[in-house]
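Chemist: Chains A and B supply the protein sequences, listed in that same order. Residue numbers for the first sequence, in my numbering: 38 to 487. Residue numbers for the second sequence, in my numbering: 15 to 280.
Any given hint could turn out to be false.
[Claimed, not checked] Covered stretches of chain B (chain A as the covering partner; in silico rule of three or more C-beta atoms under 8 Å from a C-beta of chain A): (1) 25-38; (2) 102-115; (3) 269-278.
Quick caveat, the hints were computed from the structure, so don't treat them as lab data. In this text the structure is predicted, and so the values were computed from the model without any measurement. For each residue, glycine too, the CB sits at the ideal point set by N, CA and C.
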Amino acid sequence: MEAIEVSRVSKIYRRFSHRKQFATLKSALLSRSLIKNLRPDETFTALNDISLTVPKGRTLGVIGRNGSGKSTLLKLVAGITKPSSGTVKVNGRISALIELGAGFHPEISGRENVFINGIMLGLSKREVTERFDDIVEFAEMRDFIDAPVKTYSSGMYMRLGFAVAIHVDPEILLVDEVLAVGDEGFTHKCLDKFAEFKRRGKTILLVTHSLGMVERFCDEALWLDAGRIKGSGDPKRIVGAYVTDVERREEQELAATDAKARDGANAVIVSPDEPASAVLPDNPVETGSAEGDMFRAAEGRWGSREIEITHVDFIGADAQPGHVFHSGERLDVKIRMRAPLPVDDFVVGIGIFNADGTCCYGTNTYIEELAPESISGDSEATFTIESLDLVEGTYKVDVAIHKIDGYPYDYHRLLHTFRVKSRVKDVGIYRPRHSWRFSGDVKFKDVPRS
Amino acid sequence: MLHNLAQLPRYRGLIQSLVARELKARYRGSVLGFFWSFINPLLLLLVYSFVFSYVMVGSQDRRIVPYPLFMFCGILPWTWFASSLNESAGVLISGGNLIKKVLFPAEVLPIVTVLANMIHFLFGLVVLAGFLIYYQRPLHASELAVFPLVVLVQLILTTAFALLLSALTVHFRDIRDILSNLLTFWFFATPIIYPYFLFPENAWQGKLLKLNPFSHLAITYQEILFFEGPVGHLKWLLLLAAIAVVFFLFCYFVFDRLRDTFAEEV
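Build the full structure now, drawing on both the sequences and the hints.
Modeler: Structure below.
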């Protein structure tokens with residue numbers, strides 16, 4: 038039997054800009070656009086022809102970017118809003134954990150609020166009385182239940198709201214990203230409660246950004262994107278596809294910011310005749326002593342351009358230029374240069390900075406004892422990192438070509454960005470190649486990682 | 015619409031606990047607490063007595079002496095009516111959280127407002143009873159029998175207005191601002207601080223009074239509690255009862271039609 042049946046549902050929000058209508062009634066009359074103005078100015082399609090079914094006892098996880106229509110879908114299933122077209126059929130008592138503690142009155146005690154909230158969610162007074170102790174126990178609120186709700190911390194408020202909603206004993210549970218309600222311990226309790234619901238054959242519709250939860254917990258996943266279903270089926274497969282898509286978008290975003298940063302920097306062009314130090318008050322020429330300034334300096338580009346860095350590409354393991362890479366993969370930084378006239382004094386350098394501005398690594402050809410002989414015309418340098426052993430995060434890169442004494446030909450300060458992705462959320466900057474080994478009687482449960 | 019209306023009794027428990035909450039929350043944190051429900055009408059009565067006995071001493075008809083008592087008979091039900099309307103105009107907006115986030119029958123909110131104000135009205139009656147005894151005004155059982163009827167008619171009428179206003183205010187917030195002024199006008203257009211026989215029946219003021227539904231309620235209250243003799247206004251009250259029922263159905267219809275827009279507009 039189907040617990041939830043959504044067929045060909047669209048939800049269109051209309052936006053009238055009232056203010057515009059009334060403020061400019063006179064001008065509207067004058068320009069005879071009154072009728073036009075009274076029509077909705079703007080429609081927003083939150084959901085577009087969505088069909089889905091959730092069989093009884095199954096758990097469906099809905100994922101998607103912000104604004105993709107996840108919450109709208111949940112509200113439609115809950116019956117809080119009506120679809121613009123299509124039908125929603127639900128078989129069984131619903132409890133919607135959309136906003137916890139909605140309707141708590143701040144002035145009265147937690148005890149009274151539990152009763153009223155329970156009744157609002159469809160219980161009778163007797164049913165609430167029966168479950169009252171369980172609710173208070175679950176919320177860990179025994180000492181505060183008689184205090185007015187306005188004195189509660191937000192965590193207490195949410196816990197109590199969650200406890201009431203979960204004890205309504207629904208056949209269908211709708212959950213909208215509410216698990217961030219308490220400390221670790223409480224979150225585990227919530228997850229246990231969900232697991233119990235599952236065991237008891239209840240249907241759960243879960244909207245979340247926690248992909249791990251979808252993989253671990255759901256029988257099926259649904260991926261919404263801009264109001265349409267972009268994929269549905271096996272959670273692992275859908276989450277995988279979603280993650281890839283998110284990376285692709287991040288990639289585009291980074292590429293765009295990168296291009297913007299470079300365009301901005303290019304606007305400041307230093308003529309080759311002038312020494313760069315004359316143009317830049319913070320003299321970054323002496324690399325040794327100006328190190329402090331180096332870290333403070335904002336992104337930018339300077340130099341005489343006797344040698345110009347024309348292009349910088351990050352090439353991943355797939356041999357394609359990109360901006361998002363996985364920890365442990367190979368990364369090539371390809372630097373294209375042009376020297377209109379031959380130059381014999383040059384150093385190619387690179388520096389990698391994390392989001393805090395900490396230099397993760399920096400080197401140049403001079404430090405590595407490559408003595409320059411000459412460079413002319415178009416050329417290319419490739420800096421290969423065999424294994425990108427960095428933790429997840431965004432990194433900015435300095436690329437520079439300068440004289441041995443530091444006189445800059447072309448200095449790209451933090452102009453290039455890449456992101457490192459990782460399944461493991463370890464901390465720090467550097468992730469050494471590592472492994473764990475144990476001897477003696479140490480065992481770990483075989484739990485799929487979140 | 016009728017289906018939804020038939021569902022209303024199912025929300026009995028909810029309405030009951032929300033009314034109780036409303037009353038509890040109102041006086042939470044005040045020293046006298048629940049006694050305010052008595053003290054407020056008492057103070058109101060004292061203020062009006064003072065004003066009309068010492069400040070605005072005019073030529074008062076002998077028929078409406080003691081004047082404070084006469085006025086109190088009209089002001090109590092009016093306060094119920096006016097506060098219900100004033101509060102229900104904003105009730106869907108302030109309760110927006112419930113409508114947007116919980117599957118919640120929206121009509122419960124204006125109904126709770128009306129009922130909570132009715133409880134205050136009933137407390138006020140206790141004070142009124144005290145004054146009736148103090149002034150030794152006789153009450154007749156036959157007249158008192160009409161009392162539940164007039165309260166019921168007022169309840170239906172007030173609920174109808176509350177539903178209509180709460181639903182319309184969601185779309186036209188202007189109502190909240192204009193409402194209190196309209197109610198002030200309405201107050202003076204109702205025979206509360208002056209007796210209904212101040213104007214001859216065929217004068218335009220008299221006709222206006224006839225058109226005003228609250229006149230009939232006020233006059234009935236006054237006839238039951240204040241004036242001697244039988245309730246001559248009963249036939250008007252019955253007519254008003256019929257109109258109130260029709261008007262209630264109309265208002266509920268409007269509310270029901272707008273229901274689906276609440277979650278998006280509040």
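Chemist: If a hint holds in the structure, say so; if it does not, say that too.
Modeler: Outcome of the hint check:
no.: 1; hint: 25-38; result: holds (count 6)
no.: 2; hint: 102-115; result: holds (count 6)
no.: 3; hint: 269-278; result: holds (count 3)
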